[in-house]
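Q: Here the protein sequences line up with chains F and L, keeping their order. Residues 1 to 363 in the numbering used here are what the first sequence spells out, letter by letter. Residues 364 to 726 in the numbering used here are what the second sequence spells out, letter by letter.
Hints listed in this document are in silico derivations from the structure and should not be mistaken for laboratory results. From the three backbone atoms N, C-alpha and C, an ideal C-beta is built for every residue, glycine too. Errors might be hidden in some of the hints.
Under the rule of at most 30 Å between Cα atoms (straight-line distance), these lysine-lysine pairs were calculated in the BS3-like manner [said to hold, decoys possible]:
id, chain 1, residue 1, chain 2, residue 2
1, L, Lys-593, L, Lys-718
2, F, Lys-75, F, Lys-308
3, L, Lys-593, F, Lys-285
4, F, Lys-297, L, Lys-718
5, F, Lys-308, L, Lys-598
6, F, Lys-230, L, Lys-655
7, L, Lys-598, F, Lys-296
Restraint-style ranges between C-beta atoms, simulated for each label pair [said to hold, decoys possible]:
id, chain 1, residue 1, chain 2, residue 2, range
8, F, Ser-331, L, Lys-593, 50 to 60 Å
9, F, Lys-286, L, Ser-726, 50 to 60 Å
10, F, Ser-64, L, Gly-692, 45 to 55 Å
11, L, Gly-470, F, Asn-203, 35 to 45 Å
Interface residues of chain F toward chain L, partial, derived using beta-carbon atoms under 10 Å [said to hold, decoys possible]:
id, residue
12, Cys-103
13, Asn-182
14, Glu-187
15, Ala-213
16, Glu-250
17, Gln-256
Number of protein chains: 2
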Amino acid sequence: MKSQRELHTFSSGIILETGEALSSFDLMVDTYGELNNDKSNAILVCHAFSGSHHAAGSSDDGKSGWWDELIGPNKAIDTNKFFVVSPNNLGSCFGSTGPISICPETGEVYGKAFPAISVLDWVNSQEMLLSKLGINSWACVLGGSLGGMQALQWAITFPDKIQRAGIIAAAAKASSQNIALNEVSRESIRKDVNFHEGDYLKNDTFPKSGLKAARMLAHITYLSEENMNKRFGRKIQDVESRVDDLVDYEVENYLQYKGEKFSQVFDANTYILMTRAMDDFDPAKKFDNELKDALKKVTAKLLIVGFKSDWLFPPERGKEIQLAAMQSGISSSYLELEGQQGHDSFLFGNERYQKNIEAFLRS
Amino acid sequence: MKSQRELHTFSSGIILETGEALSSFDLMVDTYGELNNDKSNAILVCHAFSGSHHAAGSSDDGKSGWWDELIGPNKAIDTNKFFVVSPNNLGSCFGSTGPISICPETGEVYGKAFPAISVLDWVNSQEMLLSKLGINSWACVLGGSLGGMQALQWAITFPDKIQRAGIIAAAAKASSQNIALNEVSRESIRKDVNFHEGDYLKNDTFPKSGLKAARMLAHITYLSEENMNKRFGRKIQDVESRVDDLVDYEVENYLQYKGEKFSQVFDANTYILMTRAMDDFDPAKKFDNELKDALKKVTAKLLIVGFKSDWLFPPERGKEIQLAAMQSGISSSYLELEGQQGHDSFLFGNERYQKNIEAFLRS
Numbered sequence: 001m002k003s004q005r006e007l008h009t010f011s012s013g014i015i016l017e018t019g020e021a022l023s024s025f026d027l028m029v030d031t032y033g034e035l036n037n038d039k040s041n042a043i044l045v046c047h048a049f050s051g052s053h054h055a056a057g058s059s060d061d062g063k064s065g066w067w068d069e070l071i072g073p074n075k076a077i078d079t080n081k082f083f084v085v086s087p088n089n090l091g092s093c094f095g096s097t098g099p100i101s102i103c104p105e106t107g108e109v110y111g112k113a114f115p116a117i118s119v120l121d122w123v124n125s126q127e128m129l130l131s132k133l134g135i136n137s138w139a140c141v142l143g144g145s146l147g148g149m150q151a152l153q154w155a156i157t158f159p160d161k162i163q164r165a166g167i168i169a170a171a172a173k174a175s176s177q178n179i180a181l182n183e184v185s186r187e188s189i190r191k192d193v194n195f196h197e198g199d200y201l202k203n204d205t206f207p208k209s210g211l212k213a214a215r216m217l218a219h220i221t222y223l224s225e226e227n228m229n230k231r232f233g234r235k236i237q238d239v240e241s242r243v244d245d246l247v248d249y250e251v252e253n254y255l256q257y258k259g260e261k262f263s264q265v266f267d268a269n270t271y272i273l274m275t276r277a278m279d280d281f282d283p284a285k286k287f288d289n290e291l292k293d294a295l296k297k298v299t300a301k302l303l304i305v306g307f308k309s310d311w312l313f314p315p316e317r318g319k320e321i322q323l324a325a326m327q328s329g330i331s332s333s334y335l336e337l338e339g340q341q342g343h344d345s346f347l348f349g350n351e352r353y354q355k356n357i358e359a360f361l362r363s
Numbered sequence: 364m365k366s367q368r369e370l371h372t373f374s375s376g377i378i379l380e381t382g383e384a385l386s387s388f389d390l391m392v393d394t395y396g397e398l399n400n401d402k403s404n405a406i407l408v409c410h411a412f413s414g415s416h417h418a419a420g421s422s423d424d425g426k427s428g429w430w431d432e433l434i435g436p437n438k439a440i441d442t443n444k445f446f447v448v449s450p451n452n453l454g455s456c457f458g459s460t461g462p463i464s465i466c467p468e469t470g471e472v473y474g475k476a477f478p479a480i481s482v483l484d485w486v487n488s489q490e491m492l493l494s495k496l497g498i499n500s501w502a503c504v505l506g507g508s509l510g511g512m513q514a515l516q517w518a519i520t521f522p523d524k525i526q527r528a529g530i531i532a533a534a535a536k537a538s539s540q541n542i543a544l545n546e547v548s549r550e551s552i553r554k555d556v557n558f559h560e561g562d563y564l565k566n567d568t569f570p571k572s573g574l575k576a577a578r579m580l581a582h583i584t585y586l587s588e589e590n591m592n593k594r595f596g597r598k599i600q601d602v603e604s605r606v607d608d609l610v611d612y613e614v615e616n617y618l619q620y621k622g623e624k625f626s627q628v629f630d631a632n633t634y635i636l637m638t639r640a641m642d643d644f645d646p647a648k649k650f651d652n653e654l655k656d657a658l659k660k661v662t663a664k665l666l667i668v669g670f671k672s673d674w675l676f677p678p679e680r681g682k683e684i685q686l687a688a689m690q691s692g693i694s695s696s697y698l699e700l701e702g703q704q705g706h707d708s709f710l711f712g713n714e715r716y717q718k719n720i721e722a723f724l725r726s
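Let the sequences and hints guide you as you build the complete structure.
A: Laid out in structure tokens, this is it:
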């Protein structure tokens, strides 16, 4: 598989949904496969909130891309046929401009001064990327969770520049419970004494504990209760492999381990920014809260996928989008899959899931 | 309603399930109604993990008891007929001996030195209370959530001293997800810089932020997603009544407010102790994980109540107890109620719920 990583600089900057502006910004972008002659085979994959541009293949340290089970030669998103474009989102912390970047105006790290970013801002920045790549339209935009929200926004905002949108394990808006869970995570981060109201880097410190607790909570929402019971149940962690002596159960050890690892690679301000973008996503808002009206100008074919074991964005959320699509008379299919891994099911390939994605891209 | 509050001292102490001992302990106990001549009308109500002895009536500051909708004259638990005994649990922080108490041996506050307490320890201490009150057996032991776990343990441990057990919104053991959620709460508390490994009082401080975040998370698990959507939805909090300027949505403001209030009245070590007791509760464990075998010697009639909107201990958990009861051939009824408030539904009176409790106590 041909694969390339490139930092794209947009020196004309961007005006954000809030009205604030970035005078210049970078997007770190992976591509997999090759663009064909008529530039008709480009697919944009959008990552979920802690994801990155590294969607496929393995990095030097052996880490697989977040959608490696679906993207590659002869996989559901076949890189022998498609040119897959995978940017790290604006505001994230894996190479694209975000709170850990240097602000060109001040010469200092942005920190808390980095502006709020919305799903629409991501879509706008990705449209600038599309243009920079000299492509007229995406054969498909797709992603899971917050990535699915971007796919939906793409279909609404740029009907002429997208042929298909794959909206997977997502919702047209966060529920009250979704917002509440995100707020607890944000509270953990903000109340870490090392947070310094977001200016921790200027204080040579990092709110690691808060970020760890935030991720531990979020991680629970990505798994299904049934899957956790099967995998961990009430098993006691053997003493030798306990991360610390306060741990009794395997599930505690697992969460501690996952939270710790995450807190070593992610940024706290980015965590807050990303969860805010998720909470605030609501494309129907400008249409008197009528999603069907928001979808009226959509020309892309939609594929909406929900997973039965997902309790963060359960299948009902996908069905709401499908219902609105039917009411607005646009082309849309809804697929409900069993899923074994709760919300995280969108990351894992299984036959029916892969066949449907493949057929959708062929359609 | 005749009501009395009394501190009972047990100077002979107690040996705990871990083998550790308390040389002496106190239980703060409320009673409502009057004990009849043949002492056959005593009901023990067991509180959930953040509850107290104050189950009914109103305190001087106007605060209602946690089960005031069910306990009182002519209510489901009728104080004209029954003598209701409501202790604050050992290890709690509302007057009974717990981590904020002074250890008689050292003359210092217990803090982290307070031993782990189990549901069985509570039941044993409540049996000592029964004996001290000169009563032979409870007409009923009942409670919701962790209180329901105590009722179940009572039926198993002291078959001769309990006529009925009301096990409401409870489970015979915590799920992997339950444990995981509790662990995140504990992590928030432990990583608060003011926690000092549990010896915060000796350091003249308190891990308020950690306790607040813990409660915010727990609070979400007490409500149903549907109820949250109805009550808060995605409504923006009006600016004047925001608890701070980081709040956008009503649901955030509500959680912030609730968490803040809780962190002013509850103890952090108690929070950890109570969640540990909940995680570790598993009466079937000593019976090769066969709950039906644990129930073999039960003579009390059981009433098991589950609420459809409860996702912390969903109806399936109650059904598991009912199934085991049927397999062991004991007398047990299972009742599933709609419930509007998720797990918290057990706190609120509604006609069908109250009638069933009343009929059960009459049976």
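Q: Against this structure, judge whether each hint is valid.
A: Going down the list of hints, with the structure as the test:
With a CA separation close to 27 Å, the supplied pair Lys-593 of chain L and Lys-718 of chain L stays within the 30 Å bound. The suggested pairing of Lys-75 of chain F with Lys-308 of chain F holds, with an alpha-carbon distance near 23 Å, which does not exceed 30 Å. Proposed proximity of Lys-593 of chain L and Lys-285 of chain F is supported: the alpha carbons are some 18 Å apart, at most 30 Å. Only pairs whose Cα atoms come within 30 Å are accepted, and Lys-297 of chain F paired with Lys-718 of chain L is rejected, the gap being roughly 55 Å.
With a C-alpha separation of about 28 Å, the suggested pairing of Lys-308 of chain F with Lys-598 of chain L holds against the 30 Å cut-off. Only pairs whose Cα atoms come within 30 Å are accepted, and Lys-230 of chain F paired with Lys-655 of chain L is accepted, the gap being roughly 21 Å. For the given pair, Lys-598 of chain L sits about 25 Å from Lys-296 of chain F by alpha-carbon distance, which is consistent with the 30 Å threshold. Take Ser-331 of chain F and Lys-593 of chain L: their Cβ atoms lie about 33 Å apart, and the range 50 to 60 Å is violated.
About 59 Å separates the C-beta atoms of Lys-286 of chain F and Ser-726 of chain L, a value consistent with the hinted range of 50 to 60 Å. Separation of Ser-64 of chain F from Gly-692 of chain L is about 53 Å and conforms to the stated range, judged on CB atoms against 45 to 55 Å. Distance hint check for Gly-470 of chain L and Asn-203 of chain F: the Cβ-Cβ separation is about 41 Å, which falls inside the suggested range of 35 to 45 Å. Taken as an interface hint, Cys-103 of chain F does not check out: its beta carbon lies about 22 Å from the nearest beta carbon of chain L, beyond 10 Å.
Interface hint status for Asn-182 of chain F: upheld, as the beta-carbon distance to the closest one in chain L is roughly 9 Å, under 10 Å. Proximity of Glu-187 of chain F to chain L holds as hinted, the smallest CB-CB distance being about 5 Å (cut-off 10 Å). The interface hint given for Ala-213 of chain F is met, as the beta carbon of that residue sits about 5 Å from the closest beta carbon of chain L, less than 10 Å. Taken as an interface hint, Glu-250 of chain F checks out: its beta carbon lies about 8 Å from the nearest beta carbon of chain L, inside 10 Å.
Among the interface hints, the one on Gln-256 of chain F holds; its C-beta lies about 8 Å from the nearest C-beta in chain L, closer than the 10 Å criterion.
In the structure shown, a violation is registered for the earlier hints numbered 4, 8, 12, in ascending order.
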